[in-house]
Structures are given as structure tokens and as C-alpha cells.
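Q: Residue-level listing of the chains:
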Amino acid sequence: MMSKKIILAGNPNVGKSTVFNALTGLKQHTGNWSGKTVELASGSFSFGENTYEIYDLPGTYSVISNSPEERIARDYVCFSDSDLTVVVADATCLERNLNLVLQIIEMTDKVMLCVNLIDEAETNGIYVDTEKLSELLGIPVTGICAKRRRDILKLKSAIAKASEKTHNFAVKTVYPSEIESAVSEMSEYIQGCDKTLSAHLCRFIAVKLLDNRELSEDLIHKYINDSKSRKYISDKAENIKSALAETGIPAVCIRDEIVESIIHLASSVSEKCVIKNDERSRDRSRKIDKYLTSKVFGIPIILLFLGGILWLTICGANYPSKLLSSAFTMFGTLLHQWLAKTELPPFWCNMLIDGVYGTTAWVTAVMLPPMAIFFPLFTLLEDFGILPRIAFNLDRCFKRANSCGKQALTMCMGLGCNAVGVAGCRIISAPGERFAAILTNTFMPCNGRFGMLTTLSAIFIGGCFSGAMSSAVSAGFVLLLIIIGSFVTLTLTYILTRFVFKSKSGTFALELPPYRKPQLIKILTRSLLDRTVLILGRAISVAAPAGAVIWLMSNLNINGSSILSICTSFLNPFGLLMGLDGAILLAFILALPANEIVLPIILMCYLSSTQMVDCSSVSVLSNILTDNGWTTLTAVNVMLFSLLHFPCATTLKTIKAETGSIKLTLIAFVLPTICGIFTCIVSNFIYKFFMIF
Amino acid sequence: MDKTIGCEKPLNALPLNAGGYILSLNVNESIKRRLMDFGFTAGNFVIPLYKSPLGDPVAYGVMGGIIALRDEVAERILVSAHKPERRRMFL
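Protein sequences appear in the order of chains A and B.
Numbering that gives the first Met the number 0 applies: residue 0 is where the first sequence begins, and numbers increase by one.
Numbering that gives the first Met the number 0 applies: residue 0 is where the second sequence begins, and numbers increase by one.
Okay, chain A solo, but in the shape it has when bound (with noise of 0.2 Å):
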């Protein structure tokens, strides 16, 4: 009984994320697209008598580069003393893959390629024969497809097997003439220093130290062990540069050299082992591709898309919500039934109930339905392949606010929650551009944002209008704040990256995968348990105490008034000058943990009352808020507010994880925030300006 390691690395969007999801039984959220997956995922699972520790390393497309990715993938399996290493590839796009793969047997000779998506490829007509690359490639080659139960127990048999012997026989990149002399007489010497070391590890130290690599410098250190003998080879390495260096190769191009070396062994192994019926091949998806990249259809897809995807949202999450928000108002009742039968005093009983439950049945009812839409919606489009094309079209745009089409992801995401879309934004690669996009990212209303616009929207705005046109008016309205929003997100990008951050446009290269079929149970499990449960879990751990400190603000009395009141006519003259009034400013104040409660605050302030007002009547909260002083300005200066202000502690918890910094936490909550009060008091000084005429 004996416990392996395994490590798991390959091209991204190669589907080995499925692979080791399928392998370990553990949920891990993947999207077909590269960045996805950037931290170290690791399970396992048995087979025959032992154990086997799967180590799920980022995607990368080479491990000679040097982006954080790369080097933690070259790191693991250089340094990790794993049992095997499994390279996952894409059988619709072997060739690239194989780059990978060489540079891999090259670092390694405890390797096994697994050649996935065997499906896709078949339905494109391309046939891999993987009995031929393993005879060209000298390592096991498994041909699967990771949806199917019967491959993965094929590639765990396989695996077995592949990591209880090293090959020696795997295949050797050939150097032009003067590297292939220079690397055997650097592996001479590496060899004379420790004859223990085996022939394949000393040609790849060997390789490395004429790369230039800080590698080579790592795997020195581990390798040989006495001062002298580094030494010695270091300065052995120097001379041979040099003399390379005298018969036309200087050491910056050794690397080139190698790395084309590499690719055309790959081009060439792949020739001969990847056989295309038909030029059905790539059909498929270019067609697809040649409608969603059209000048004419491109842009107007993609805002169907996500329109199409909003619009879903707010109709389907109307009625779920409705209903939810009554059957937790009849719970509450009863509750209260049951707590009067028990010793428990009001006052526990009463902050209980009303302060506590309250306001998390509120959040639930609110946050949930729209949740329980957005996200397999986005996911379906995420898993299907349509992401990277959105970032394709929109690049331009945002290429002129010094940022890149990534970022339209990034606020896509954000629509469906903020810390979400702050996490996602780990695809875009250079570094200012990144801060930028999660500075902004809060600009994008998140779905618990969305119930309040588009309630005061429809009453407010839509309400001005009758019948059909009053929908689509509202709605048309909330798409206008999306719009503002964007905006404020690409106008500060580009004031960001360009004076803050002060960053260099990074390079655009962006890999467009093939279309694939997405698996439809897969994605409602995946986006409801990973994404939907998990936030609203967040969302009720912060909404339970928030309830609870509301609700005692309100109750409890200094001098005859409560707390509540104090602090909402201290806040009442600054709110009057932004168009609003000191309980909508105090409601935004304590909605800092999730934007869900504002308007529940708000009422509360307004009825004095010590108790969560169910407000599904659309009417009754009409009136409420009109009987309190409410306009149309201050509806709009309450969205735009909503639009524009801090982001909620999650996202900033989220914020400080991914920055690492405390200085750009704050200025993504100051930021916003000033945004959002300059904005107020400008469009309340244009209303004021027109109504004198």
C-alpha cells in the first residue's frame, strides 16, 4: 500500500481541469478559456493497492517562459520529486500541445501523456493514433475523453502502471549541430562532477545552462553538492558560450534555437500521428466564428448575449423572489408565535426575529432567485466558448482605454457578483491594467444591486409611462445605468493605467479554443453549489449580524430618540446636498456588508418601525417612499449612488487577497465613493438649475 504523486500539467483548455475533477471526485470550477485556474488544486483517488495524490498545476502553453504561471508549473516538476507527471492534451490541437509535452520529457523522464477531448476530435474528423506518437514520443499515451466513466478508469490503470518504472527511452530533442556538441560536452562535465546522476538529467542540466535560465542556477544548487564542483561547471558553461557565441551563435539566441528546435520536432511528430478525414476539421467552429466576429453581427450578438442573459434574470428572479419573500414573512410570524410561547424575553426575541431573521430572509429573497439564473446562464456561455470571442471584439475599445478585451469578462462577471469579477480578473496578465480592472470593477451593478434598480426604476421611472411602454421604459433605464456605468469603468481605466499605474499596454495575445459541447448537469451542479451557494452563503454570514446591529440602532434609545434617528439627521443636511436625505445615506453606510439591505434600512428609518416591513406589494412601497419626500431626482440619485459607491466587504475582502494591498484597498473604496458623491451633487444641482426655469 504505498501513496504516489502525481502532477498534472498541460496547455489551458486542454479539459485538465475535467481530468482531475473526474479523477479525484473534487468540485473545482472550470471555464473554457485560459487563466482559468490559477492556484494548486490537489486530491487523490485509489487504485489496485495504492494512493495516488493528484497535483493540479496551473495551465501553461511551455515551461522555458518566464510569466508566475510557468514557473511555478516548472518549479513542480522539476523540484517536487513526483511519481509521474501527466501531461493532459487537446486532441483537436495536438500539435501545440506536443511543444509542451517535448519540454516536459525533456525535464523529466517520469512523463505520461494523456490525449483528452478524443471526442471533440472525432466529431471534427481528426484521428490521433496514440500508439504511434507513444512509439515516436517513447512515453505511455492514453487516448480519452474525460466525460466518460469508463476512459478515466482506463487513464487511472494507466497511471498505475506509467509510475512504477521511468522510461529510458524517451525521445531526445535534436539541436542544431554546434548546441547538440556543446550540450554533450557540458553533460560530459556535469556527469565527471556526480556519477549518480542519470544521462537524461545531466543533458537537461546541461540544456539549461546554455539557456541563460535561473533554472540552471536552481538546479545546480539541488544537484551538485560541493562549492568546487559548481564552480566549475559554471565557469565550464561560460567558456562553452563563448565559443558558441565565436562561431555565430550568441548566447541570446541559443534559446531561440532551442525552442525551434523543440516546435518542429513537435510539428513533425504530430504529422505523423494526427490524421485529418476531412477539412470538416475546423469547420464548425470557424463558422460560428465567422458570424460572432462579423462587423455586422459581432457586436450585436454579444449585446443579445448578455442582454438576453440579464433580461432572464430580472423576468425569472421576479416571481421566485415574490414568493419567497411572502413564505418567509408567514415563517416569521409564526416564529415570533413560537418565541412568545418560550421564557425568552421581547427584547431577544423581537431583535431575534425582526432584526436577525429579518433581515436575512430579506437578503435571501432578494439575493437568490437572480442568483440561481445568472450564473448557469454564465456559466453555459462560459463552458460553451463564447468568453474569449467577447474579449476578441470588444479588445479595440478597450485597447484605447489602455487596457485589454479581457476586462469585458472581468465586468461581465462582475454583473453577477463584485468579488467574483475582482477574482476574475486574474486572466488579465499585466499587472496595471489588472489593478485597474479591479478597481472598476464595482462600476458593474452585481445582482444585489439589480432588486433595488430595477424596483425604483419601474416605480419611478417606468412609473411616468402606462402599459407596455412602462416596462420597457424601466428596463431600458436600468440598461442606461449599465451603460454609465461602463462608462466611468473605461474613463477611469484609462486614468488609472495611464497616470497611476503608469503601464505599458501589455501584449494581446489571446487564444481562441474551439466551441464545445457544454455538459448541461455539470453546469447547473458546478455554478449552483461553487458559486451560487457559496455566496449567498457569505451573504447571509454578514447579513445575520448586520440585522441584528440595525435592528438594535433602531431600538434602543439615547435621550428619546434612537439611534437610528441621531444618526440619520446627522447625515440629513450632506444627504440634501447630494439629492438624497440622511436615511438613504445611513442606509448605504450600514449596507457596507451587502448592497442587498439598503432599501430595507430605508424603509426601516422611514416607519419608525422596529420591525422589517414586507414589502412585495410594489404600491405599498411606492407610497412609503413618495409620503417620504421621495422624487424622481432623488430615485435617480439613489441609483446613481447604488451605481457608484463602495464596493460591499466581501469584494473588499476579496480586493485586499487579490492586491495584496492595504493602499489599494482603500482607493477601491474611496475611489467609487467620491465618484458616486460628485455625480449625486452635480445631478442634483442641473435638476434644481432647470426647475428655477
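Hints may contain errors.
Capping the alpha-carbon separation at 27 Å, the derived lysine-lysine pairs in DSSO-like fashion look like this [stated by the list, open to error]: (1) K8(B) with K50(B); (2) K398(A) with K8(B); (3) K271(A) with K50(B); (4) K194(A) with K221(A); (5) K50(B) with K516(A); (6) K82(B) with K171(A); (7) K82(B) with K8(B); (8) K286(A) with K50(B); (9) K521(A) with K155(A); (10) K235(A) with K171(A); (11) K131(A) with K146(A); (12) K50(B) with K294(A); (13) K131(A) with K155(A); (14) K289(A) with K8(B); (15) K50(B) with K275(A); (16) K501(A) with K398(A); (17) K171(A) with K160(A); (18) K398(A) with K155(A); (19) K289(A) with K516(A); (20) K230(A) with K240(A); (21) K275(A) with K82(B); (22) K516(A) with K146(A); (23) K294(A) with K8(B); (24) K516(A) with K153(A); (25) K164(A) with K153(A); (26) K294(A) with K521(A); (27) K275(A) with K153(A); (28) K289(A) with K50(B); (29) K171(A) with K240(A); (30) K286(A) with K275(A); (31) K240(A) with K194(A); (32) K398(A) with K50(B); (33) K321(A) with K289(A).
Between beta-carbon pairs, the in silico distance windows are [as the list claims (entries may be wrong)]: (34) N16(B) with K160(A): 55 to 63 Å; (35) E71(B) with E245(A): 44 to 52 Å; (36) E71(B) with D282(A): 47 to 55 Å; (37) S180(A) with K82(B): 47 to 55 Å.
None of these hints come from the bench; they were simulated from the model.
This structure is a prediction, so every number in the text was calculated from the model and none was measured.
In this text, a Cβ means the ideal position worked out from N, Cα and C, and glycines have one as well.
Add chain B to chain A, keeping to what the hints say.
A: Just chain B, lined up with the frame of chain A:
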């Protein structure tokens, strides 16, 4: 489609669906690494497939995959109609 190109041209000058073989990459070290990782190396065949509706970037087919590159990068990649000889001798 006209597939004949004369001597060297920058990649962004190729019309859609007309490909060429890469001769050289005139970019700084880190961008070169990225590009070579994707398969943009001397000797490889690359073909522009479609443009973004706003004109930039352009999606190129290379080594079996599709990679989108911005104009200013594609401008610095030289291609020609004929496959270049490998510059070095092999044993």
C-alpha cells in the same frame, strides 16, 4: 484565393485566408517568448482567419490553434510565401 506572396511582408499585411511562413520576430524578448510558446516561430505556417468587428485584433491559425494578435504585434512578424530553410545544420 491568391496564395502567392512575394518577398517578406509583415503578418498584418496578409489578406484573410492567405497564409505564409514566418521568417523572423522583431519584438522584445518577453513578447517573443509568448509568441513562440503559441507556435509563432521561424519556419511555421501562419494564416489570418478573421478580424474583430472593430478591425483589431486579428485571429491567426498557427500550429493547429487559433491565436488573436493585435496589429502592432503582427506588424513586427515577417512572413514569406516560401518555407525558409533551417538555418543550422543538423547531425
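Q: Return the numbers of the hints above that this structure violates; sort them in rising order.
A: 3, 18, 26, 33, 34, 35, 36 and 37
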